[in-house]
Amino acid sequence: MTSEATIEHVGTLLRARGERMTRARRAVLTVLARDGGHLGAEEILGRVADLDPGVHRATVYRTLDALADLGVVQHVHVRRTGTAYHLAHGEREHLHAECRGCGAVQDLPADLLDDVVGAVARRDGFWIEPTHVALSGLCAACTAPGAPAR
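Numbering (the working numbering), first residue to last: 100 to 249.
Be careful, since some hints might not be right.
As the list claims (entries may be wrong) - Each pair of labels, with its calculated beta carbon distance range:
1. Gly245 / Arg161: 43 to 53 Å
2. Ala243 / Pro208: 16 to 26 Å
3. Pro244 / Asp168: 39 to 49 Å
4. Asp214 / Asp168: 23 to 33 Å
5. Ala239 / Glu142: 19 to 29 Å
6. Asp206 / Ile227: 16 to 26 Å
7. Ala148 / Ala115: 26 to 36 Å
Source of the hints: derived by calculation from the structure; they are not laboratory data. Nothing here was measured: the structure is a model prediction, and the numbers come from that model. Ideal Cβ placement from N, Cα and C applies to all residues, glycine included.
Could you build all of it, start to finish, from the sequences and the hints given here?
This is the structure we're talking about:
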């Protein structure tokens with residue numbers, strides 16, 4: 100989806116809740132739609148400042164929280180940036196893997212750990228929320244023959 104289509108879609112969701120598309124929301128959505136990756140808050144802040152220097156730092160954080168509550172932004176806790184944000188896609192939040200070698204974050208299928216979540220819930224009565232943390236390991240590039248030792 101293009102950044103303008105994303106902004107229009109989110110604007111529709113916001114209006115349905117009686118809210119509006121603010122400059123900060125537009126700037127944050129533009130940054131996330133243009134990049135398409137998993138960006139840390141500081142990366143988002145810098146790019147938002149390039150687009151609209153009038154958007155305050157605290158407003159960017161509040162905007163990220165509001166967009167996550169709306170379900171259009173997903174966040175995941177990673178080592179590299181603390182928390183990474185990206186536009187949500189699909190009906191359900193998905194999982195993430197973070198390479199402890201190069202720091203790359205990649206998406207994993209949403210249902211990958213469903214059996215584990217169910218087993219822990221049945222055994223211990225504890226419901227795991229695996230979408231909020233990244234699984235740690237090594238990516239294909241870092242495990243390829245000739246890759247630097249990690």
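Here's how the hints hold up against the structure:
1. For Gly245 and Arg161, the hinted distance range of 43 to 53 Å is satisfied, since their beta carbons lie about 46 Å from each other.
2. Separated by about 23 Å at the C-beta atoms, Ala243 and Pro208 satisfy the suggested range of 16 to 26 Å.
3. Taken as a hint, the range 39 to 49 Å holds for the pair Pro244 and Asp168, whose Cβ atoms sit roughly 45 Å apart.
4. For the pair Asp214 and Asp168, the supplied restraint of 23 to 33 Å holds, since their beta-carbon distance comes to about 29 Å.
5. For Ala239 paired with Glu142, a C-beta distance near 24 Å keeps the hint of 19 to 29 Å intact.
6. Restraint check, Asp206 to Ile227: a C-beta distance of roughly 18 Å satisfies the suggested window 16 to 26 Å.
7. Distance hint for Ala148 and Ala115: a CB-CB separation of about 30 Å, consistent with the stated range 26 to 36 Å.
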